[in-house]
Amino acid sequence: MSKLKGKHLITTMDWELDDLVKVIEVAEDMQKNRYADKYTKLLAFRTFLMFFYNPSVRTRQSFEAAATELGGHAQFLEPKSMRLKTAKSAGETVEDAANVMSRYGVGLGIRILESKIAHYGDGEKLLREYAKYSKIPIISMAHDKYHPMQSLADIMGLRKHLGKNLEGKTFTLAWGKGALARSWSSVQAALLLYSRFGMNVRIARPEGYDLDPEVIEYTKKQCEKNGKEFFITDNQEEAYEGSNVVYCRNWTTPNAYHDGEFHKEEEVEKSLKHQDWICDERKMKLTNDGLFIHPMPIDRGNEVSDEVASSKRSIIYDVAENRLHVQKATMALTMSDFEG
Amino acid sequence: MSKLKGKHLITTMDWELDDLVKVIEVAEDMQKNRYADKYTKLLAFRTFLMFFYNPSVRTRQSFEAAATELGGHAQFLEPKSMRLKTAKSAGETVEDAANVMSRYGVGLGIRILESKIAHYGDGEKLLREYAKYSKIPIISMAHDKYHPMQSLADIMGLRKHLGKNLEGKTFTLAWGKGALARSWSSVQAALLLYSRFGMNVRIARPEGYDLDPEVIEYTKKQCEKNGKEFFITDNQEEAYEGSNVVYCRNWTTPNAYHDGEFHKEEEVEKSLKHQDWICDERKMKLTNDGLFIHPMPIDRGNEVSDEVASSKRSIIYDVAENRLHVQKATMALTMSDFEG
Amino acid sequence: MSKLKGKHLITTMDWELDDLVKVIEVAEDMQKNRYADKYTKLLAFRTFLMFFYNPSVRTRQSFEAAATELGGHAQFLEPKSMRLKTAKSAGETVEDAANVMSRYGVGLGIRILESKIAHYGDGEKLLREYAKYSKIPIISMAHDKYHPMQSLADIMGLRKHLGKNLEGKTFTLAWGKGALARSWSSVQAALLLYSRFGMNVRIARPEGYDLDPEVIEYTKKQCEKNGKEFFITDNQEEAYEGSNVVYCRNWTTPNAYHDGEFHKEEEVEKSLKHQDWICDERKMKLTNDGLFIHPMPIDRGNEVSDEVASSKRSIIYDVAENRLHVQKATMALTMSDFEG
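Residue numbers (my numbering), protein chains in the order written: chain A, 1 to 340; chain B, 1 to 340; chain C, 1 to 340.
Only chain A is shown next, with the shape it has when bound in the complex (with noise of 0.2 Å):
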């Protein structure tokens, strides 16, 4: 039986380097011999359900289409129409829910954050308690907090673009204006991860858009350990210069949750205030020749221009791409016996 079965993803740091190394090469060669026998066989009619408390468009797609490549099915549920208890209704509790769903499945995606939690950290509450219940494994497909799966899809090309020992280039994490506020789990789950790939971290981002303190302590501990560099500035140059990858994407302030909800006009507004924030072609001339990475979708002319957007350094398809890779490799890796 894999080490791995069983095993409960929502934020990297729950798992071990080695393991997390296992995945990307394991969704390598899946990406190489995608519809290969060895492949299709692992969760034979086998069922993933997958809880959308928030809509999504690659995550659904990258997910289903995983379990169906797996030779499974996943089942798209949207919590709106199901009958769960909450702080306002009577319905099931987590405990029934958790205990039904782990005999008719053998694992379980959720995702949920943005407006559908009430303060930042409900959504990670949310899906501990399920994992305490939960006899199959329970799988982040983006919360409040964290986005795994996004960041390994990020090392996955970046092992790709930049070759596979990572150990010293440099990552730049840079706020982007937008009109969407979008909430912290990626670029939270991406400096957890790519700090420990032994990456030198900077992160550029105007007066009030600092991110959880637990995740920047986190980070920089990672960076001391490696003997890497790691620094937050509001000099965007500063940043840009010399890098490797510039991964720019907009995020909210910290008090986008007040009174109980999720601000997103408030949020929008704010940060259409900072017109220079966007990562350009000028700003790209400054790096090492660096590539372009977000998690998408894009918000162009705002979080990134056109031009750098689509431009050859622009490495977001073959990570969209890589999504799926790492999600099937982790859902045969926790949910079957493979070993890898």
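A hint or two may mislead.
Since the list can't tell identical chains apart, any single copy or any two copies may satisfy a pair.
[As the list claims (entries may be wrong)] The calculated SDA-like cross-link candidates involving lysine to any residue, where the alpha carbons are at most 20 Å apart (straight line), are:
1. LYS160 to PHE231
2. LYS32 to VAL106
3. LYS135 to TYR35
4. LYS125 to LEU192
5. LYS312 to SER102
6. LYS132 to TYR317
7. LYS164 to GLY340
8. LYS125 to ASP14
9. LYS41 to GLY71
10. LYS221 to LEU166
11. LYS32 to PHE45
12. LYS41 to ASP19
13. LYS270 to ASN244
14. LYS7 to VAL268
Derived from the structure by calculation, the hints contain no laboratory data.
With chain A held as given, fit chains B and C onto it using these hints.
This is chains B and C only, laid out in the frame that chain A set:
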């Protein structure tokens, strides 16, 4: 060809007892050999159509997983997005819809109850109309009158925990207060089927909570035929005393439908006046080490105490799992050439 | 590799006649050998993506079943829950969406018409934009201008009931009153394709119900090239006289879109003024024992009488079934290496 091929399952009353036993025996073997080759080809590449007028958790998950495990695929269809003819709007007739679906799929499940109908009995009428035109089996996924799959799952659970011979075991159906205004489908299906298996039947409910007189009449006759006990009481203790199984669930008054609508709020309000009508540890002590059974979702704290619902004698998760197996068995026997 | 692999199908005008005949011939064999091994592996473990901007009954069921029968899986996606960029809101561009979907799936079906677009032609433009960026075939599942799969299913039905040579058979397209304000997609697709198969074409409609002039022009030219009859009349009897097939369906006036919106209620009101425009037994008696054909759903009592719709000469269910087969054939030929 299987004797049962092509047969509708709208209520267990339409089936011979031997055929219902066959479903359960096949389900028991399917549980033991869940992904065995002998079962995973039965609906290979076939489509099972699911019409959810009302949303559902377990029913959707278990039917969709059943189709997957038989090698086929269940389509999740919500009639809000179907252009069917209604009293109020132009659209397609049941004759046309049923004839066309018979060309695409090998079976059609329908769920319709509560606020999706105007009068008690309308759901049953709709299923019967589909059955009239359909060339493929119509399966109730719960409607206003019956929920045959739930009752088959119940019996499979009782056989596991009380032994295969249920003859003479005592079944207590107890009304419970609740915040969710449950329809009569599951409890009526239980009365019809448990009585056929030779069980003693006791119903405890407050004044004003009588069920469909036809169902009561049928149940009573089964008990008489089998020489078994049957009574209805408003004394909970009398009904629990020495019982082998307690099924405590909320249901509405016969007045839930009036003026062409389902009055959920009224029913919840009435129900919550009966604060003593809960299945708790004190009452369970009166039983003969009785099992607790429930179709889920459970309204913990209203229908039943947490202590009882999570106790060793609670078989709710087993029964929920059985939904999958009895549905697989029914689909295999009515939609393929499988003979059991 | 199949000559047709990778080809989009937005309108039959983009395809050579031989290739359309090939689709129908493959479909005819697929009907005879519905679950044969030679077909059930063609899309094994592959994903077909379905974008339903508008809901649908038959289209959804038949495409999803088609993918299942080819061994693959169709994802049911409703763009209300997709974060695509629109004129009014930030979101993803078609360039980005199409590029990413090309990594996950082997084909993309799109349905967009009626109230989901602002002007006649916008649906076609969207499909063409997807086709521009997509690396996988784009298939129309009905859009404002055409519904190519419906017309292929029609021809397959006519070949069964009139014989394989349709040359010189007479086709009457008759407008019918209706309570549902139908778009032009199905009837225009019929004109384009029936005329190419050498049929005589007659259109009967009241003043004010002309179709797209480009479609009429194309149809007329086909008829001229083939030496066949073509006329438009407001005299129903003239159009029915001696005809082999009557296709009676409601469609909107050219004024259905104005002020950037689709005006359903206006169209229904206008339509119902023409109470005599119904296909009934009296008119069918004028035909040469003509077939009745319709893309469904039928508005019985408006477009056509119950008597005609349910008569022996009505081939509506056969044609509805054919949707499945021609879609399977098209998917096999454009998305796999199958050569027919």
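Verification of the hints:
Taking identical chains as interchangeable, the C-alpha atoms of LYS160 and PHE231 are never at most 20 Å apart, the minima being 26 Å within one chain and 62 Å between chains. In this assembly of identical chains, the alpha carbons of LYS32 and VAL106 lie at most 20 Å apart only when taken from different copies (17 Å versus 25 Å within one copy). Proximity of LYS135 to TYR35 under the C-alpha cut-off of 20 Å is restricted to the inter-copy arrangement: shortest distance 18 Å between copies versus 29 Å within a copy. Proximity of LYS125 and LEU192 under a CA criterion of 20 Å is satisfied intra-copy only: 19 Å inside one chain copy versus 43 Å between copies.
Taking the closest pair of Cα atoms, LYS312 and SER102 come within 20 Å of each other only across two copies (18 Å); inside a single copy the shortest separation is 45 Å, beyond that limit. In the homo-oligomer, the alpha carbons of LYS132 and TYR317 lie at most 20 Å apart only across protomers (16 Å), although the nearest pairing inside one protomer, at 36 Å, exceeds that limit. Taking identical chains as interchangeable, the C-alpha atoms of LYS164 and GLY340 lie at most 20 Å apart only when both belong to the same chain, with a minimum of 18 Å there against 43 Å between chains. Only within a single protomer do LYS125 and ASP14 lie at most 20 Å apart by alpha-carbon distance; the minimum there is 15 Å, versus 48 Å between protomers.
Taking identical chains as interchangeable, the C-alpha atoms of LYS41 and GLY71 lie at most 20 Å apart whether they share a chain (5 Å) or sit on different chains (12 Å). In this assembly of identical chains, LYS221 and LEU166 lie within 20 Å of each other by CA distance solely inside one copy; the values are 18 Å within and 64 Å between copies. Taking identical chains as interchangeable, the C-alpha atoms of LYS32 and PHE45 lie at most 20 Å apart only when they sit on different chains, with a minimum of 15 Å there against 24 Å within one chain. In this assembly of identical chains, LYS41 and ASP19 lie within 20 Å of each other by CA distance neither inside one copy nor across copies; the values are 22 Å within and 34 Å between.
Within a single copy, LYS270 and ASN244 get their C-alpha atoms no closer than 30 Å, and across copies no closer than 64 Å, so neither meets the 20 Å cut-off. Taking the shortest alpha-carbon separations for LYS7 and VAL268, neither the intra-copy value of 37 Å nor the inter-copy value of 41 Å comes in at or below 20 Å.
In summary, the structure is inconsistent with hints 1, 12, 13 and 14 from the numbered list given earlier, while agreeing with the others.
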